[in-house]
Amino acid sequence: MTPQEANQLISKLAVLLNKQKGSDIIINAHAHPALKVDGKVRYVKDVMLSSDDAATIVKCLMSSHQWEKFDRSNEMNFMLDYPGVAQFRTNAFKQRGEMGLVMRLIPKSIPTLEQLKLPEILKDFALRKRGLILFSGATGAGKSTSLAAMISYRNENRSDHIITVEDPIEFIHTNKKSIITQREVGIDTESYSSAMKSALRQAPDVVLVGEIRDADVMHQAMAFAETGHLVFATVHATTTKLTLERIVNFFPHEQRDQLMLDLSSNLQAIVTQRLMLHASGSGRVAAVEVLSNTPHMQLLIRESRFGEITDAMSRASLKEGVITIDNYIFDLYEKGEVTFEEALHYVESPNNFRIRMRTDSKRALPESLKSEVQDWGLEKAAADENEEKTWGTFG
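Residue 163 in our numbering sits at position 163 of the sequence shown, and the numbers go up by one each step.
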């Protein structure tokens, strides 16, 4: 495969992915190119890539500077733009000594919070004066998109200086009421840490950190929040509890008590996301969990009582700024946004979800749940009959 043929292949895959409303292009040696559509991998079976083909594709998509960096580190993040088609956040890597890459489709325009169907409380978070707001979720859960929508909302409603530090830059913001300075790790700055240090001298009102990966960046994010700035950041964790545990594990034991004191004082909220398949079978919908730092949550965080967080959230209310993932998914199901099977796959407590389906749902019970109810009814009737017989022997 020549570089020209490699570019033509990627262009065709980009057009195909865009038409199918997919999320990713996956290139590996000794495999068919693959597209990820609605969370499922689909192979382009009329093309088989050799090791040399995969290497040619990876190399032809990079600048000479990017290639030199990739050659040293064996991994590289960069953006690709196909005008009129799509733009991609791209990660090149090596696996078993051979090259590959994954290209994540990035929308050309920044979606609004309404278009993403995110909770209204996120608008309130976006306009907060100070503090730390964390977004967590698995890779591909839509964290970057939601954060871009929140920054855009603030841009439309506040006159601020907003600094973003990203690896790589995904969404391009246009100045509206605010001035937005976007810095890319590896191009505009050496690292998250160095960019955060420089930001202290750039008079920001809001700072967005693409990802908190270590104690140094977490410490700097906290310092900004403590000094009256609003800080947005992402953390790779799948639940609110795991988000807190991941942050704690960045630090040695002797620093954790102070960390929890600082975090409990400066945290505004943790927003955890999961992307679910829409009930139509096409497209994705975000399921969201929100922890607002109420006085009770503040106490639990300060004392590192993370095991009590989930129960405390289930007892809290939306008025307190708390939404559990299971309640949110139940509401999505009630609105017809997701199927019963999809909901059951993503809730934290499938058993509680089944019970709630029987007691609270306004929709007809799914067939699988009807059979469970029937079985349960037979078992209960048999148990009642046995109980009556047992009591009869005491006459």
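You may find that some hints are simply not true.
Unchecked claim - Using 30 Å as the maximum straight-line C-alpha spacing, the simulated DSSO-like pairs for lysine-lysine come out as follows:
no., residue 1, residue 2
1, K40, K108
2, K36, K12
3, K45, K21
4, K45, K94
5, K335, K59
6, K94, K59
7, K59, K19
8, K129, K36
9, K123, K94
10, K197, K177
11, K362, K319
12, K319, K335
13, K59, K129
14, K45, K59
15, K108, K12
16, K69, K94
17, K94, K108
18, K21, K129
19, K129, K19
20, K12, K129
21, K176, K108
22, K94, K117
23, K40, K21
24, K129, K40
25, K335, K117
26, K117, K36
27, K45, K117
28, K177, K19
29, K129, K241
30, K36, K108
31, K241, K335
32, K176, K129
33, K197, K123
34, K129, K94
35, K241, K108
Unchecked claim - Label pairs and their in silico Cβ distance ranges:
no., residue 1, residue 2, range
36, H345, S304, 28 to 34 Å
37, T227, E341, 45 to 51 Å
38, T294, W67, 46 to 52 Å
39, T227, S50, 50 to 56 Å
40, E120, E98, 45 to 51 Å
If you're looking for bench data, these hints aren't it; they were derived computationally from the structure. Glycine included, C-beta positions come from ideal geometry on N, C-alpha and C.
Taking the hints in turn, this is what the structure says about them:
A C-alpha spacing of about 23 Å is found between K40 and K108, which places the hinted pair at or below 30 Å, so the restraint holds. Proximity of K36 to K12 is assessed by CA-CA distance (about 15 Å); at most 30 Å being required, the pair is judged to hold. With a CA separation close to 19 Å, the supplied pair K45 and K21 stays within the 30 Å bound. Proposed proximity of K45 and K94 is supported: the alpha carbons are some 23 Å apart, at most 30 Å.
With a C-alpha separation of about 47 Å, the suggested pair K335 and K59 falls outside the 30 Å cut-off, and the hint is violated. Between K94 and K59, the direct Cα distance comes to roughly 12 Å. Compliance with the 30 Å bound is thereby established for this hinted pair. Our distance criterion of 30 Å between C-alpha atoms is met by K59 and K19, whose separation comes to about 26 Å. With a C-alpha separation of about 39 Å, the suggested pairing of K129 with K36 is violated against the 30 Å cut-off.
For the hint pairing K123 with K94, the CA-to-CA distance comes to about 40 Å; that exceeds 30 Å, so the pair is violated. Our distance criterion of 30 Å between C-alpha atoms is met by K197 and K177, whose separation comes to about 25 Å. Pair hint K362 plus K319 holds up; C-alpha atoms about 23 Å apart against a cutoff of 30 Å. This hinted pair checks out: K319 and K335 have alpha carbons roughly 21 Å apart, not beyond 30 Å.
This hinted pair does not check out: K59 and K129 have alpha carbons roughly 45 Å apart, beyond 30 Å. For the hint pairing K45 with K59, the CA-to-CA distance comes to about 23 Å; that is within 30 Å, so the pair holds. Between K108 and K12 the CA atoms are separated by roughly 18 Å; this keeps the pair inside 30 Å, and the hint holds. Proximity of K69 to K94 is assessed by CA-CA distance (about 13 Å); at most 30 Å being required, the pair is judged to hold.
Taking the CA atoms of K94 and K108, the gap is near 29 Å; set against the 30 Å cutoff, the hint holds. Distance check on the hinted pair: K21 and K129 sit about 37 Å apart at the alpha-carbon level, beyond 30 Å; violated. A threshold of 30 Å between alpha carbons decides the hint, and for K129 with K19 the separation of about 41 Å lies outside it, so the pair is violated. The straight-line distance between the Cα atoms of K12 and K129 is roughly 46 Å, outside the 30 Å bound, and the hint therefore fails.
As the CA atoms of K176 and K108 are separated by approximately 18 Å, the hinted pair is consistent with the 30 Å bound. Between K94 and K117 the CA atoms are separated by roughly 37 Å; this puts the pair beyond 30 Å, and the hint is violated. Between K40 and K21 the alpha-carbon distance is near 12 Å, which keeps this suggested pair within the 30 Å criterion. Distance check on the hinted pair: K129 and K40 sit about 40 Å apart at the alpha-carbon level, beyond 30 Å; violated.
Our distance criterion of 30 Å between C-alpha atoms is met by K335 and K117, whose separation comes to about 12 Å. A threshold of 30 Å between alpha carbons decides the hint, and for K117 with K36 the separation of about 22 Å falls inside it, so the pair holds. In summary, the hint linking K45 to K117 is not supported, as the alpha carbons are separated by about 36 Å, beyond the 30 Å threshold. Restraint check for K177 and K19: not satisfied, since their Cα atoms lie roughly 34 Å apart, outside the 30 Å limit.
For a cut-off of 30 Å, the pair hint linking K129 to K241 stands: about 25 Å separates their Cα positions. Restraint check for K36 and K108: satisfied, since their Cα atoms lie roughly 19 Å apart, inside the 30 Å limit. For the hint linking K241 to K335, the alpha-carbon distance of about 27 Å falls within 30 Å, and the restraint holds. Only pairs whose Cα atoms come within 30 Å are accepted, and K176 paired with K129 is accepted, the gap being roughly 19 Å.
In summary, the hint linking K197 to K123 is supported, as the alpha carbons are separated by about 28 Å, within the 30 Å threshold. The hinted pair formed by K129 and K94 fails the criterion: a straight-line CA distance of about 43 Å is larger than 30 Å. With a C-alpha separation of about 34 Å, the suggested pairing of K241 with K108 is violated against the 30 Å cut-off. Checked against the given bound of 28 to 34 Å, the beta carbons of H345 and S304, roughly 31 Å apart, stay inside it.
For T227 and E341, the hinted distance range of 45 to 51 Å is satisfied, since their beta carbons lie about 48 Å from each other. Under the hint 46 to 52 Å, the C-beta atoms of T294 and W67, about 50 Å apart, fit the expected range. A C-beta distance of roughly 54 Å is found between T227 and S50, which places it inside the suggested range of 50 to 56 Å. Checked against the hint of 45 to 51 Å, the pair E120 and E98 passes, with Cβ atoms roughly 48 Å apart.
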